[in-house]
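Novice: For the protein sequence lines, the chains are V and Z, in the order given. Residue numbering for the first sequence follows this note's numbering, starting at 1 and increasing by one per position. Residue numbering for the second sequence follows this note's numbering, starting at 1 and increasing by one per position.
Check before you lean on any hint, since a few could be wrong.
Repeated chains share a single entry, so a pair holds when one copy, or any two copies, can fit it.
Under the rule of at most 25 angstroms between Cα atoms (straight-line distance), these lysine to any residue pairs were calculated in the SDA-like manner [unchecked claim]:
(1) Lys295 <-> Gly305
(2) Lys204 <-> Leu24
(3) Lys204 <-> Asp66
The set of hints was computed from the structure by calculation and includes no laboratory data.
Residues per chain are reported as follows:
Protein chains: 2
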Amino acid sequence: MITPPSPGVYAEARRRLDILAKPLGALGRLEDLAAWVAACQGTCPPRPLDRVRAVILAGDHGVSADGVSAYPREVTAVMVRAFVAGVAGANCLARQHGVALRVLELGVDDDLEDVPAEVSAYHIGSSRPIDQTDALTAEDCREALRAGEAIAEVEIAAGADLLIIGDMGIGNTTPAAALIGATFGLRAEEVVGRGSGVDDDRLKHKTEVIAAALHRVGERAVDPFERLAALGSADIAAGVGFLRTAARSRVPVLLDGIVPVAEAAVAEDLESGVVAWCAAGNRSTEPAQQLALDKLGLEPVLDLGLRLGEGTGALTALPVLRSAVLALREMALLADLSPVS
Amino acid sequence: MITPPSPGVYAEARRRLDILAKPLGALGRLEDLAAWVAACQGTCPPRPLDRVRAVILAGDHGVSADGVSAYPREVTAVMVRAFVAGVAGANCLARQHGVALRVLELGVDDDLEDVPAEVSAYHIGSSRPIDQTDALTAEDCREALRAGEAIAEVEIAAGADLLIIGDMGIGNTTPAAALIGATFGLRAEEVVGRGSGVDDDRLKHKTEVIAAALHRVGERAVDPFERLAALGSADIAAGVGFLRTAARSRVPVLLDGIVPVAEAAVAEDLESGVVAWCAAGNRSTEPAQQLALDKLGLEPVLDLGLRLGEGTGALTALPVLRSAVLALREMALLADLSPVS
């Protein structure tokens with residue numbers, strides 16, 4: 001059980017919010033977010049969220065050879081190069097908000113020789129097709145968890161008031177939906193979504209793949225490590241390790257779409273208390289993401305129909321979280337305003 | 001009829017969004033917002049929204065002597081001083097986002113001798129209680145509209161890629177709700193809200209005040225100028241003039257809560273085409289604001305339960321609009337990404 005954000009500081013932040021120069025509760029959800037950040041930091045008013053670091057975890061997925069995505073498998077490597085070149089959506093948003101962004105690939109099927117070697121420093125390998133066999137060996141799954149922990153430790157050592165975790169991998173909404181289904185006992189039909197935009201035929205096929213995977217794994221899915229090895233991937237297991245280390249290190253995380261939320265769901269089962277250190281950046285169009293957020297008790301900051309991944313929903317939500325913190329830090333107290341000149 | 005944002009540039013922006021390095025439509029509402037900004041500017045890709053200017057229009061309301069608010073009338077002047085001192089919520093958010101913020105009072109019942117004279121440069125006077133008599137004489141209403149136009153002209157001359165309009169005035173959700181009710185043929189019970197947080201007794205009384213005002217004005221409300229003079233106030237009429245001038249000048253506006261949305265509804269009736277230049281920053285907790293947004297065809301960027309006014313909802317939403325523009329400007333085209341090294 002990971003120690004939660006400070007309930008005492010949360011209450012202190014609530015009391016301060018109540019005496020700011022505004023009607024009681026008039027900042028709505030910004031007040032919840034501000035109090036959560038204060039509780040995570042253990043201090044009220046909280047420090048501004050100046051040092052934000054985002055990591056995109058990339059990987060290929062066995063199921064992507066099998067028509068579950070609107071895009072070919074090779075796009076994963078193309079996008080890794082785009083992140084390195086600084087021209088993808090996540091790069092634009094990270095620059096806008098002064099966020100340090102790193103991409104790391106855990107299992108992209110491409111030699112990526114033209115890309116700096118550190119991108120592949122934690123390379124393990126692509127996952128196997130989850131409808132047919134376990135995605136990872138137990139050994140690879142353990143290694144991927146450790147890789148994610150090491151990645152988080154690097155970010156935290158660099159100084160992080162907040163972390164963001166993003167994903168890139170053609171086919172990755174299939175294992176993410178399967179993990180969410182297995183975690184919460186939901187059926188394939190409930191968790192499947194259109195991902196990058198599959199048509200009705202591919203959606204039907206994707207549903208069958210998820211159903212076959214859930215059926216294949218059966219009761220083994222009760223154990224979160226078994227579930228992760230059976231239905232996940234190296235990049236997803238790394239995300240789980242990343243989140244666990246962030247929570248253990250008392251660093252809050254802003255989640256993004258279906259993949260990071262699936263990682264949070266598994267991480268919470270691996271070690272209770274991870275999700276208390278997470279906020280949800282956005283509501284994705286993926287049904288599984290919305291179901292998991294509800295189950296985890298997370299209400300997203302934004303609801304803009306985003307479904308790009310890469311951490312873009314969290315990056316777009318970041319200034320709202322910063323506004324919440326600034327209001328708590330900088331607004332006058334009602335009592336400090338002079339009623340007469 | 002005001003010329004709308006360019007349909008040709010809107011279509012061009014849509015075509016460009018479709019070929020960016022992302023799945024089709026994956027940026028959701030950001031894509032709508034980016035295309036709208038491009039259309040307003042008449043150029044694609046659009047310029048970044050660097051120069052944003054916000055104006056808070058303040059005034060006192062006759063109904064505030066009569067128990068429709070949780071706060072005493074004197075708080076309007078207190079908050080004007082807070083804006084000048086730079087310590088209110090709107091100031092914090094404006095600083096966060098590099099927004100130039102001015103407060104102007106059109107009818108605050110306080111000499112405000114300790115405040116720079118330009119704050120009162122357009123002072124007309126507080127409104128009369130709308131349940132008993134018209135809020136403004138026709139002459140004062142015309143003067144307030146002209147004041148709003150002049151205020152907008154100053155902001156536009158200073159250079160504005162986007163304008164934000166905020167409000168401050170104890171009691172102002174009562175005339176705003178009445179204006180929205182009269183504009184769209186809604187009953188007092190439908191448009192009334194808790195404003196700054198009134199209890200059930202005051203809510204009942206506020207409903208009666210709005211119902212009496214709507215009944216008193218009757219068919220005169222069909223004419224938007226009569227409606228504004230009868231149910232508005234000097235600050236609200238100034239907001240209407242401000243919005244009309246912004247639209248005529250082809251400068252987009254990000255709306256805030258119930259008061260600016262009521263102003264947009266009246267401005268649209270005064271001169272068709274104003275609302276095409278407006279986006280909605282946030283969904284307020286006021287029922288009238290939500291009803292008016294629906295009627296005007298505006299979907300808010302944020303839905304965070306904000307109800308502070310001051311332009312704070314629009315200021316909080318601004319970085320999302322900026323993200324939309326940046327994605328359209330800076331993201332690589334899918335065709336520009338090299339599939340192999």
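Novice: Against this structure, judge whether each hint is valid.
Specialist: The hints, checked one at a time:
no.	hint	result
1	Lys295 <-> Gly305	both (20 angstroms within a copy, 22 angstroms between copies)
2	Lys204 <-> Leu24	between (49 angstroms within a copy, 20 angstroms between copies)
3	Lys204 <-> Asp66	within (13 angstroms within a copy, 62 angstroms between copies)
Violation of the numbered hints given earlier is absent; every hint is satisfied by the structure.
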